[in-house]
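Letter by letter, the chains look like this.
2 protein chains.
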Amino acid sequence: MSSEKKLRAKPIIKQVYANLQHTIEKKQLKPCLVIIILGNDPAAVYYMNNLRKKGAKIGIEVKIEKLDTSISQEALISKIDQFNSNSEIHGIMLQKPLPKHIDEVEIVMKIAPDKDVDGFHPLNMGKLVLNQDSLLPSTPAAVLKILDFYNIKTEGKNVVILGRSAIVGKPLANLLLRKDSPGNATVTVCHSRTQHLANITSQADILVAAIGKANFVKKEMIKQEAIIIDVGVNQIEDAETGYKYLGDVDYNDCFEKAAKITPVPGGVGSVTTSMLLSNVVKAALK
Amino acid sequence: MSSEKKLRAKPIIKQVYANLQHTIEKKQLKPCLVIIILGNDPAAVYYMNNLRKKGAKIGIEVKIEKLDTSISQEALISKIDQFNSNSEIHGIMLQKPLPKHIDEVEIVMKIAPDKDVDGFHPLNMGKLVLNQDSLLPSTPAAVLKILDFYNIKTEGKNVVILGRSAIVGKPLANLLLRKDSPGNATVTVCHSRTQHLANITSQADILVAAIGKANFVKKEMIKQEAIIIDVGVNQIEDAETGYKYLGDVDYNDCFEKAAKITPVPGGVGSVTTSMLLSNVVKAALK
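Those sequence lines, one after another, are chains A and B.
Position 72 of the first sequence, counting from 1, maps to 76 under the numbering used here, and the rest follow consecutively.
Position 97 of the second sequence, counting from 1, maps to 101 under the numbering used here, and the rest follow consecutively.
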């Protein structure tokens with residue numbers, strides 16, 4: 005029983021990657037993602053290398069374009085223009101963090117919307133709200149995928165989302181309001197200014213935590229038999245291993261009370277990566 | 005006291021129109037809105053003529069482009085292209101209803117986003133979500149205006165929105181989540197699939213009704229001292245006058261229990277028109 009309670013990413017990503025590989029072979033695609041990185045942030049480099057290996061296994065080429073942190077806004081835009089017009093490149097990703105002199109809003113606008121595999125271009129965000137076909141941001145897509153894979157019904161359910169970010173909370177809220185499955189939920193978005201937070205979260209049939217505070221959600225804050233989706237990935241120093249990753253939910257504390265709960269790591273984050281690579285294949289299909 | 009309870013549009017639109025007129029004169033603008041109508045729907049023609057008169061009073065020219073309902077998709081797009089490239093036209097509006105052979109999603113995409121005074125283009129909708137400067141859809145903008153004008157604080161408040169439409173419910177939810185004023189609210193969106201609706205609406209400090217059901221909200225559904233914003237405009241047959249307009253809220257029933265309440269007519273709808281004309285001036289300023 006307890007093993008069923010844990011909403012593990014593994015069986016999901018196994019299926020997603022098998023489907024992607026099948027599509028790539030059947031349609032004879034050569035999907036290619038280029039990741040632009042400014043500088044050498046170690047966590048970013050680790051993440052990109054990981055993505056490159058995952059891509060290689062299923063037939064997606066991941067190219068890494070290392071640029072100097074001193075690059076000008078204009079030179080970066082001209083680089084993006086080159087990738088936009090290169091038909092062998094299907095997805096363009098901009099690796100964070102960006103140096104302060106770069107105007108991120110303008111840069112994101114310069115990525116061709118049909119190559120914007122992050123789904124952060126306003127045109128893709130608007131299509132998401134308007135329920136038009138688009139490239140969805142990976143984390144909200146991962147949450148939908150988990151709900152769908154584990155057959156968790158959202159119709160008419162009270163879904164409470166902790167966090168109102170432009171890349172998780174807000175797009176996820178819009179997606180769960182869609183007349184679709186998953187969707188048709190009653191959605192509440194909470195955040196730092198919310199009053200009586202525990203009162204609201206404890207009414208949630210499904211609680212999605214995306215606030216970036218380690219172990220924030222305790223059992224007193226959740227409803228008996230709630231579904232808990234933990235989007236948080238908080239890097240915490242650890243005496244033995246140097247660091248470890250914790251979610252926004254205190255997993256051990258909430259485990260008994262919850263009906264289902266995603267672990268960290270091995271939960272939303274892993275599915276997110278598979279959703280990003282799915283976007284590359286989707287872009288290559290067009 | 006009871007007169008203060010009624011959140012009337014009149015003082016708001018008086019201020020909005022005075023400000024617009026001042027801006028138009030000071031900046032020597034010649035703002036021009038073109039409304040495209042296919043056919044002769046009487047309600048649409050009435051609305052447009054009303055808009056033309058309102059515009060004329062403050063110095064906004066409203067041109068009406070009547071086209072035949074049989075116009076092809078291509079011919080309509082080419083018409084829009086002409087208006088897009090005409091620098092004397094600052095706003096383009098597409099009057100509903102559209103005939104069935106017209107693909108509305110494609111047509112809206114063809115309107116230049118900086119002339120999209122309806123705020124329905126996905127690029128504008130995405131910018132709204134991402135908190136970037138854009139042309140906002142008029143009805144959600146009207147709700148924000150009313151809250152702001154009457155100094156109704158939203159920060160940390162439970163706002164419940166009845167209705168998840170792409171033109172009211174969803175954009176309003178995203179706007180009220182912004183780190184802004186009005187904004188910073190805890191937002192819940194309810195709709196036809198919501199369970200235990202009255203239980204949710206009766207927890208709302210601010211209730212926004214936008215579902216298109218006449219007199220749907222009764223006093224049992226609202227919290228004591230709630231703020232009630234009624235977006236509904238439902239045309240109902242009337243033995244004496246032919247027809248009359250009712251809101252989504254049973255005004256008389258809710259009046260005593262509410263702290264503040266918008267009337268219909270003379271509430272959100274009137275402010276909406278002023279927000280649309282504000283968008284024309286905003287577009288002309290760019």
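Wrong hints could be hidden among the right ones.
Quick list of in silico lysine-lysine cross-link-like pairs, DSS-like style, CA-CA up to 30 Å [what the hints assert, rightly or not]:
1. A/Lys222 with B/Lys114
2. B/Lys31 with A/Lys222
3. B/Lys18 with B/Lys248
4. A/Lys114 with B/Lys290
5. A/Lys290 with B/Lys114
6. A/Lys183 with B/Lys18
7. B/Lys248 with B/Lys100
8. A/Lys223 with B/Lys100
9. B/Lys183 with A/Lys104
10. B/Lys286 with A/Lys114
11. B/Lys114 with A/Lys183
12. B/Lys104 with A/Lys183
13. B/Lys286 with A/Lys227
14. A/Lys114 with B/Lys227
15. B/Lys70 with A/Lys227
16. B/Lys34 with B/Lys10
17. A/Lys58 with A/Lys30
18. A/Lys183 with B/Lys290
In case anyone wonders, no lab produced these hints; they're calculated from the structure.
Here is how each hint holds up against the structure:
1. A/Lys222 with B/Lys114: Measuring from Cα to Cα gives roughly 49 Å; hence the hint is violated.
2. B/Lys31 with A/Lys222: violated, 57 Å
3. B/Lys18 with B/Lys248: With a Cα-Cα distance of about 24 Å, the restraint between B/Lys18 and B/Lys248 holds, given a limit of 30 Å.
4. A/Lys114 with B/Lys290: holds, 20 Å
5. A/Lys290 with B/Lys114: Since the Cα atoms of A/Lys290 and B/Lys114 sit roughly 20 Å apart, the hinted pair holds (cutoff 30 Å).
6. A/Lys183 with B/Lys18: Measuring from Cα to Cα gives roughly 39 Å; hence the hint is violated.
7. B/Lys248 with B/Lys100: Cα-Cα ~20 Å, so holds.
8. A/Lys223 with B/Lys100: violated, 50 Å
9. B/Lys183 with A/Lys104: holds, 22 Å
10. B/Lys286 with A/Lys114: It holds: about 24 Å lies between the C-alpha atoms, which stays within 30 Å.
11. B/Lys114 with A/Lys183: holds, 26 Å
12. B/Lys104 with A/Lys183: Distance of about 22 Å is within 30 Å: holds.
13. B/Lys286 with A/Lys227: Given that 30 Å is the threshold and the Cα spacing comes to 47 Å, the pair is violated.
14. A/Lys114 with B/Lys227: violated, 47 Å
15. B/Lys70 with A/Lys227: violated, 57 Å
16. B/Lys34 with B/Lys10: Measuring from Cα to Cα gives roughly 35 Å; hence the hint is violated.
17. A/Lys58 with A/Lys30: Holds, at roughly 19 Å.
18. A/Lys183 with B/Lys290: Answer violated: A/Lys183 to B/Lys290 is near 37 Å, above 30 Å.
Checked against the numbered hints given earlier, this structure breaks hints 1, 2, 6, 8, 13, 14, 15, 16 and 18; the rest are met.
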